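Colleague: Sequence:
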Amino acid sequence: MSNDDALKSIKAAGWWQGSIVSSAQLAAAYPISEGPDYWVLASQTCNLYSADFNTIPVAEIVAAHRIDAINPAFVKGDHPRTLHVRGVLNGEVAFFSINILNRLWIPRQLLSQLAPEFHLFDEMPDTSEDWRKNQWLNLFSGWLGRSYTRVALPDEFNDALSYSKIKDVLNTKLAKQGDKLYGIYLSIAPDSDEPWVGITGLMPPPYSLAIKLVVDAGEDPEPLKNALMEQLFEHKVADNTVEKGEQITRSALAAKHGIRIIKQGIEAQTTEQISLDELRYYIRYSMVDHLSNAAMAVPE
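If you count by the numbering used here, then the sequence shown holds residues 15 to 314, one letter each, in order.
Check each hint, because a few of them may be wrong.
[What the hints assert, rightly or not] Here are the in silico distance ranges between beta carbons for each label pair:
1) Asp234 to Glu257: 39 to 47 Å
2) Cys60 to Asp205: 39 to 47 Å
3) Trp210 to Ser161: 19 to 27 Å
4) Leu216 to Gln39: 42 to 50 Å
5) Ile213 to Asn152: 25 to 33 Å
6) Arg274 to Gly28: 51 to 59 Å
7) Ala266 to Gln58: 46 to 54 Å
8) Arg274 to Thr186: 21 to 29 Å
[What the hints assert, rightly or not] Okay, derived cross-link-like pairs now, SDA-like style, lysine to any residue, Cα gap no bigger than 25 Å in a straight line:
9) Lys147 to Leu290
10) Lys181 to Tyr299
11) Lys90 to Met138
12) Lys277 to Ile202
13) Lys147 to Ile297
14) Lys22 to Pro121
15) Lys187 to Gly197
16) Lys270 to Asp173
17) Lys25 to Ala56
18) Lys187 to Gln283
19) Lys194 to Gln287
20) Lys147 to Leu238
21) Lys179 to Asn254
22) Lys179 to His249
23) Lys90 to Lys187
24) Lys277 to Ala203
25) Lys22 to Ser37
26) Lys25 to Tyr63
27) Lys179 to Ala203
28) Lys90 to Arg294
29) Lys181 to Tyr199
30) Lys239 to Glu286
31) Lys187 to Asp173
32) Lys90 to Leu115
33) Lys22 to Leu151
34) Lys179 to Pro237
35) Lys181 to Ser222
36) Lys25 to Phe135
37) Lys194 to Tyr299
38) Lys147 to Asp234
39) Lys181 to His249
40) Lys194 to His249
Worth flagging that the hints you see were computed from the coordinates, not collected in a lab.
Quantities reported herein were computed from a predicted structural model and do not represent experimental measurements.
We put the CB at the ideal spot given by N, CA and C, even for glycine.
Model the full structure from these sequences, guided by the hints.
Modeller: See below:
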C-alpha cells in the first residue's frame, strides 16, 4: 500500500490519540508478545495524520487491561504508572486500566490495516451535567506528559510524610473525594534561613510544607479543607518516635520527622478561583514520587 493510500485509510478509520485496539486485532497484523488485552494510541493525532512517513514512520502505543469499574484514585493522573479511563465507540462504554511502563512503537502504516475498537474523548460543554469530569483524552495526554515532567520529591520528605501518617490522609481519605478533587498541590521550602537553589528532589531536611487543595468548578472547597485540617491538627495518631501508647497530632509528628506545617499553610480553592500563575509555585502531589528508593520503581 502506498503512503498516500495508507494515510487515507488511517483518517477514514478515525484513528486519533487515545484510540484503543485489542491485542487480538493487532497480533493478527503485527507480531507482539502476549500480555495486555488492549493498546491505547499515545502518539499525537497531528503525527498520525502526517503525510511524511519517512520522518514519522512509527506510532506509540501503551498497554491496557479492561476493567469492570473505574477507581477514582487512578482517574486524575496522580499515579505515575497507572491510569483508569473510559472508552466509547458507537454507544458502547468500556473501562480500562493503562500501564505506562508497557509501551511499544509500531509502524504507523500498520494503522491503515486496523480499526479502533474504542476511543478516549473529551465531552463538550453542556453535553451532560458531568462534562467537566469526562475529559478522558485530556486526562490521558496530561498523564503521559507528567511521566516526563513530574517533579521528584526528596526521599527524606516522602519518608517523613509516611512516618507522620500524612501520606495516608492524602492517598486514602482525600482520594475518596476523587469525584470532587481536581488535585493536591504542595509547596515545599527549606525550614531554615538558608535558601535552596538546587533540584527539589535533592533538597535536604528540615522542610516547611504548605498544601493547596483544588476542587472541580461548582464544588465547595471548604469541606475538604476542613477535613484535612482536622486530620492534621486535631486527630491523634501513635507517636512512632517514643514508646507505644503515646499519641500526638499528625502535624506534631511531622515536625519530629523534619516537616513543619501550620494551619495558615492549608488552603482550598476551585479551578475557577485559582490561576495558573499561582500553581507555578506548587508541585502536584502524586501517590508515588520517590526519587531514588528502588522499591518504589518496581512495576505493580
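Colleague: Look at each hint and say if it fits the structure.
Modeller: Hint-by-hint comparison with the structure:
Separation of Asp234 from Glu257 is about 42 Å and conforms to the stated range, judged on CB atoms against 39 to 47 Å. One distance hint, 39 to 47 Å for the beta-carbon pair Cys60 and Asp205, holds here, with the actual separation near 46 Å. Evaluation of the 19 to 27 Å hint for Trp210 and Ser161 yields a pass: the beta carbon distance comes to about 25 Å. Separated by about 46 Å at the C-beta atoms, Leu216 and Gln39 satisfy the suggested range of 42 to 50 Å.
The beta-carbon spacing between Ile213 and Asn152, approximately 29 Å, falls within the hinted interval of 25 to 33 Å. Between Arg274 and Gly28 the CB atoms are about 53 Å apart, so this pair conforms to the stated range of 51 to 59 Å. Under the hint 46 to 54 Å, the C-beta atoms of Ala266 and Gln58, about 48 Å apart, fit the expected range. Between Arg274 and Thr186, the C-beta spacing of about 23 Å keeps the proposed range 21 to 29 Å intact.
Between Lys147 and Leu290 the CA atoms are separated by roughly 19 Å; this keeps the pair inside 25 Å, and the hint holds. Between Lys181 and Tyr299 the CA atoms are separated by roughly 10 Å; this keeps the pair inside 25 Å, and the hint holds. With a CA separation close to 18 Å, the supplied pair Lys90 and Met138 stays within the 25 Å bound. A hinted pair counts as satisfied when its Cα atoms are at most 25 Å apart, and Lys277 with Ile202 qualifies at roughly 15 Å.
Among the hinted pairs, Lys147 with Ile297 is consistent with the structure: their alpha-carbon atoms are about 22 Å apart, no more than 25 Å. Distance hint between Lys22 and Pro121 is fulfilled; the C-alpha atoms sit about 16 Å from each other, no more than 25 Å. Simply put, Lys187 and Gly197 have alpha-carbon atoms about 14 Å apart, close enough for the 25 Å limit, and the pair holds. Restraint check for Lys270 and Asp173: the C-alpha separation of about 12 Å stays at or below 25 Å, so the hint holds.
At most 25 Å may separate the alpha-carbon atoms for a hinted pair to count; Lys25 and Ala56 meet this at roughly 16 Å. Restraint check for Lys187 and Gln283: satisfied, since their Cα atoms lie roughly 18 Å apart, inside the 25 Å limit. Taking the CA atoms of Lys194 and Gln287, the gap is near 15 Å; set against the 25 Å cutoff, the hint holds. Taken as a hint, the Lys147 and Leu238 pair is honoured in the structure, with Cα atoms around 18 Å apart against an allowance of 25 Å.
Distance hint between Lys179 and Asn254 is fulfilled; the C-alpha atoms sit about 10 Å from each other, no more than 25 Å. Simply put, Lys179 and His249 have alpha-carbon atoms about 11 Å apart, close enough for the 25 Å limit, and the pair holds. Under the criterion of a C-alpha separation no larger than 25 Å, the hint pairing Lys90 with Lys187 is consistent with the structure, at around 15 Å. For the given pair, Lys277 sits about 16 Å from Ala203 by alpha-carbon distance, which is consistent with the 25 Å threshold.
Pair hint Lys22 plus Ser37 holds up; C-alpha atoms about 23 Å apart against a cutoff of 25 Å. A C-alpha spacing of about 7 Å is found between Lys25 and Tyr63, which places the hinted pair at or below 25 Å, so the restraint holds. Note on Lys179 and Ala203: the hinted pairing holds, with a Cα-Cα distance of about 20 Å set against a maximum of 25 Å. With a C-alpha separation of about 19 Å, the suggested pair Lys90 and Arg294 falls inside the 25 Å cut-off, and the hint holds.
Annotation: proposed proximity of Lys181 to Tyr199 holds, straight-line Cα distance about 13 Å (limit 25 Å). Distance check on the hinted pair: Lys239 and Glu286 sit about 17 Å apart at the alpha-carbon level, within 25 Å; holds. For the proposed pair Lys187 and Asp173, the alpha carbon gap of about 19 Å is at most 25 Å, so the pair holds. At most 25 Å may separate the alpha-carbon atoms for a hinted pair to count; Lys90 and Leu115 meet this at roughly 18 Å.
With a C-alpha separation of about 23 Å, the suggested pair Lys22 and Leu151 falls inside the 25 Å cut-off, and the hint holds. Distance restraint check for Lys179 and Pro237: the Cα-Cα separation of roughly 20 Å lies within the 25 Å cut-off, and the hinted pair is therefore satisfied. Of the pairs offered as hints, the one joining Lys181 and Ser222 holds, with about 16 Å between alpha carbons and a cut-off of 25 Å not exceeded. Between the alpha carbons of Lys25 and Phe135 the distance comes to roughly 16 Å, so the proposed pair stays at or under 25 Å and holds.
Between Lys194 and Tyr299, the direct Cα distance comes to roughly 16 Å. Compliance with the 25 Å bound is thereby established for this hinted pair. For a cut-off of 25 Å, the pair hint linking Lys147 to Asp234 stands: about 16 Å separates their Cα positions. Of the supplied pair hints, the one linking Lys181 and His249 holds, its CA atoms being roughly 14 Å apart against a limit of 25 Å. With a C-alpha separation of about 23 Å, the suggested pair Lys194 and His249 falls inside the 25 Å cut-off, and the hint holds.
Violated hints for the displayed structure: none, as all numbered hints are satisfied.
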